[in-house]
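2 protein chains.
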Amino acid sequence: MIFSEPIVNSVTWVTSLTHGLQPTLLATATEAENAPIVLTGVLLSLVVIYLASKIGGELSRMMDLPPVLGELLGGVVVGASALHLVVFPDSGAIASDSLIMTILQFINNLTPDSVTSIFQSQSEAISILAELGVIILLFEIGLESDLKELTKVGYQAAVVAFVGVTVPFAAGTAGLMFFFHTPAIPAIFAGAALTATSIGITSKVLSELGQLKSREGQIIVGAAVIDDILGIIVLAVVASLAKTGEVDVFNVIYLIVSATVFLIGSILLGKFFNQSFVAVANKLQTRGNLVIPAFIFAFFMAFLGNAIHLEAILGAFAAGLVLDETDKRKELDQQVKPIADILVPIFFVTVGAKVDLGVLNPIVPENREGLIIATFLIVVAIIGKVVTGWSVFGQAGINRLAVGVGMIPRGEVGLVFAGIGAASGVLDKPLQAAMIIMVILTTFLAPPLLRFAFKQSVEPQETIEPADVIG
Amino acid sequence: MIFSEPIVNSVTWVTSLTHGLQPTLLATATEAENAPIVLTGVLLSLVVIYLASKIGGELSRMMDLPPVLGELLGGVVVGASALHLVVFPDSGAIASDSLIMTILQFINNLTPDSVTSIFQSQSEAISILAELGVIILLFEIGLESDLKELTKVGYQAAVVAFVGVTVPFAAGTAGLMFFFHTPAIPAIFAGAALTATSIGITSKVLSELGQLKSREGQIIVGAAVIDDILGIIVLAVVASLAKTGEVDVFNVIYLIVSATVFLIGSILLGKFFNQSFVAVANKLQTRGNLVIPAFIFAFFMAFLGNAIHLEAILGAFAAGLVLDETDKRKELDQQVKPIADILVPIFFVTVGAKVDLGVLNPIVPENREGLIIATFLIVVAIIGKVVTGWSVFGQAGINRLAVGVGMIPRGEVGLVFAGIGAASGVLDKPLQAAMIIMVILTTFLAPPLLRFAFKQSVEPQETIEPADVIG
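Order-wise, the sequence lines are chains A and B.
Under the UniProt record's numbering, the first residue of the first sequence is numbered 1, with each subsequent residue one higher.
Under the UniProt record's numbering, the first residue of the second sequence is numbered 1, with each subsequent residue one higher.
Errors might be hidden in some of the hints.
Each pair may be met inside one copy or between any two copies, as identical chains are not told apart.
[To be verified] Calculated cross-link-like contacts (lysine-lysine; reagent style DSS-like; alpha-carbon spacing at most 30 Å):
{"hint": "1", "residue 1": "Lys152", "residue 2": "Lys330"}
{"hint": "2", "residue 1": "Lys455", "residue 2": "Lys283"}
{"hint": "3", "residue 1": "Lys271", "residue 2": "Lys328"}
{"hint": "4", "residue 1": "Lys337", "residue 2": "Lys213"}
{"hint": "5", "residue 1": "Lys271", "residue 2": "Lys213"}
{"hint": "6", "residue 1": "Lys148", "residue 2": "Lys271"}
{"hint": "7", "residue 1": "Lys455", "residue 2": "Lys213"}
{"hint": "8", "residue 1": "Lys283", "residue 2": "Lys337"}
{"hint": "9", "residue 1": "Lys330", "residue 2": "Lys283"}
{"hint": "10", "residue 1": "Lys148", "residue 2": "Lys455"}
Calculated directly from the structure, the hints in this document are not laboratory data.
Please put together the full structure from these sequences, using the hints given.
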């Protein structure tokens, strides 16, 4: 029966119950019963996430650090490392680990089975919101990037990305095999994790520093995009190596070709699409006449990116680049801002929340071997990316340190490698822990380092936009 | 193993995989594997939903009808009645009914089990987005409403709500028992379904007509809010009647007291909160300095509304009313608009998508009895609400027809009654079908009728804001 409780909640019921003519409706009665509680959990999680992001972001700014660092740390505080308010079943948490679930259980007097199912649904909802957050972030970054500028620095970006992938990969794999006698496949996996660059974190910091449109900023963003594509390819190679001991050459060629065709194709086709977009937006007269067509385009491109087994964020970034070329740019930018403001923090806080700083505790004996390997990986991770700055050619007076430092954060992409490594079973515990520590430290060190690097700049900045810092 | 496919998608992986130190990570490998496909499904659903809302909304406007009607009809076209692009498992659909799932299955070569699980997760995500949409809609309506105006018309609104609940309930229940020899409990259930007013649809239409701040508009919104509270109470009474044959008096008193305390309490406390809100928003200097604190407040109030077994939308509406009293009103209004623009259509399109117009087909013999009962219910539904206009007192020159017509749409609240009725097992098929037809027709007729009623207005409108019509 649908009423085991005097809970009557029309709006939340509606999405779970409808006309009920189908015979299967009763079978989903339990889920329908839980639906308002899932919404309660999502709302409470969002309140916690927003509080964490704002308190963290503001404290970070007061200390003259980039706000996104505070958002990540805010996530760490409310997440698996400390308060256990925002935890996820796919990081191994169960419902009773979640403080929010404990609160919901107390309010609604739930059975353990219901709690597990509500926890799962609520976590999935927050994850989807976080994913929409990073898609919109990349769309916004695309909107703020200048296609002409990006094309101008295209070669440099490609070289930086290539160096930033090969140097850490080679040094990391060889070093692990030589110094730590790690077998080849786990060493290659760890080396692959060193190649990642978090385009989300790096571009957010650049935007906060007002450096997104500087030459350095554009090289970093371009290189991070190319790095993302190279990362997809490296990951595919390594994963098939780990699984079968062989490399699926066809798949590697497929990924290289599809990524290139997708990015270049969408930008070329975009020139034609531009005209129609402006024409359509001018004709529409109901609310959302600009932002809805833009989101249709962005989400469709993100869908395409995912559908051809690349990445949703690549599609969103390409969509932003294309729409940046229209007359509607300014207006669209202004309307996307508040949407990004409420969705992007969900991404950063959940990235922080999923990290378990427990692996950093040297008092726990099994952490120690990992900490030693981690120290090695961190050194390789930083040096391997910093050197990329010196691979930039033909750009007199460029801040090479800033370019190199901008490539350091591994962020969510590094976590992916670590996660897939853990699931593949080829990594032992110390190496897993070391990879995670490397990802955490490069992610958290990069924002202050990047700020420092730009302060050391020998030339005046081309663009400083306070409007980018204060929304 | 996590790689059964050459799908490598870093951003979507990240939300499903993390450091992987927990032993349970492998157990969730299947879900992690599906996570990027769920996102693909959500993105494609959003593209379809936005296209449906914009095409429907614009066509509606061209025919001089309120855009929200077109959004609902757009939902009908893409939903269970026609294209089967946006369908929901809790309306009895299975994965193979969903065209989007068929597309995903084709792209990713999925097993039937995976498809079922992906369909479930994707539908839950869209439902949560729709729920956030109606929460933000009510927050925006609260922001656009004037607390002083609402208090001025408070008594009238209460009378209108009371008449609009008792007349259709009494006439519907008595008529069904007298003319159709329906047993008491199902008759009471159907009568209860007649009491609902969809605050979402009615206030959206008012806003689109630029009538939200007119006297009529404020009475309708006030009455719809009170009606929502009365609806919760009626639903609780009827549901406990259907279940046990008795009324749980304690629960009824609890709901009445908690709803009153919640709404009045939050508005009174809001006067103090106002000051701190402005002070905090002025101090914050990172992006989202205004919109994030506002959403923390709105989502917390919505959470509270849900947690005390009332409704999330009541909390969001109260939050909007409170923040409307601050100096930041204009700025906040402007920033909430694009957020509402992308989330609210998801709500209206899914309401339309969940409706199955198949029950209206008179060629199917089992629909006929329902159609006859439906005709009776529709007459009661319209007359029972239109008379409420004549219960307004002490307001010379008020457009009584507009007030009455504004109360007609049953919308999502009516669907809830129908859904709970179906799940309770007390309603036979013809009565179920009749209730659904009544909800569909009152929902779709109300917007054009309301527009007509306002055109018949004998006095000039107080407020017409084209800015409300074109975002």
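Going down the list of hints, with the structure as the test:
When the C-alpha separation of lysine 152 and lysine 330 is checked against a cutoff of 30 Å, the pair qualifies only within one copy, where the shortest distance is 22 Å, while the shortest distance between copies is 41 Å. Taking identical chains as interchangeable, the C-alpha atoms of lysine 455 and lysine 283 lie at most 30 Å apart only when they sit on different chains, with a minimum of 26 Å there against 47 Å within one chain. Taking CA atoms no more than 30 Å apart as the test, lysine 271 paired with lysine 328 passes inside one copy only; the shortest distance there is 14 Å, against 40 Å between copies. In this homomeric assembly, lysine 337 and lysine 213 come within 30 Å of each other (Cα to Cα) both inside a single copy, at 17 Å, and across copies, at 28 Å.
For the homomeric pair lysine 271 and lysine 213, the shortest alpha-carbon distance inside one copy (21 Å) is at most 30 Å, but the shortest distance between copies (44 Å) is not. Proximity of lysine 148 to lysine 271 under the C-alpha cut-off of 30 Å is restricted to the intra-copy arrangement: shortest distance 13 Å within a copy versus 51 Å between copies. For the homomeric pair lysine 455 and lysine 213, the shortest alpha-carbon distance inside one copy (16 Å) is at most 30 Å, but the shortest distance between copies (52 Å) is not. Taking the closest pair of Cα atoms, lysine 283 and lysine 337 come within 30 Å of each other both inside a single copy (23 Å) and across two copies (20 Å).
In this homomeric assembly, lysine 330 and lysine 283 come within 30 Å of each other (Cα to Cα) both inside a single copy, at 18 Å, and across copies, at 27 Å. In this assembly of identical chains, lysine 148 and lysine 455 lie within 30 Å of each other by CA distance solely inside one copy; the values are 26 Å within and 52 Å between copies.
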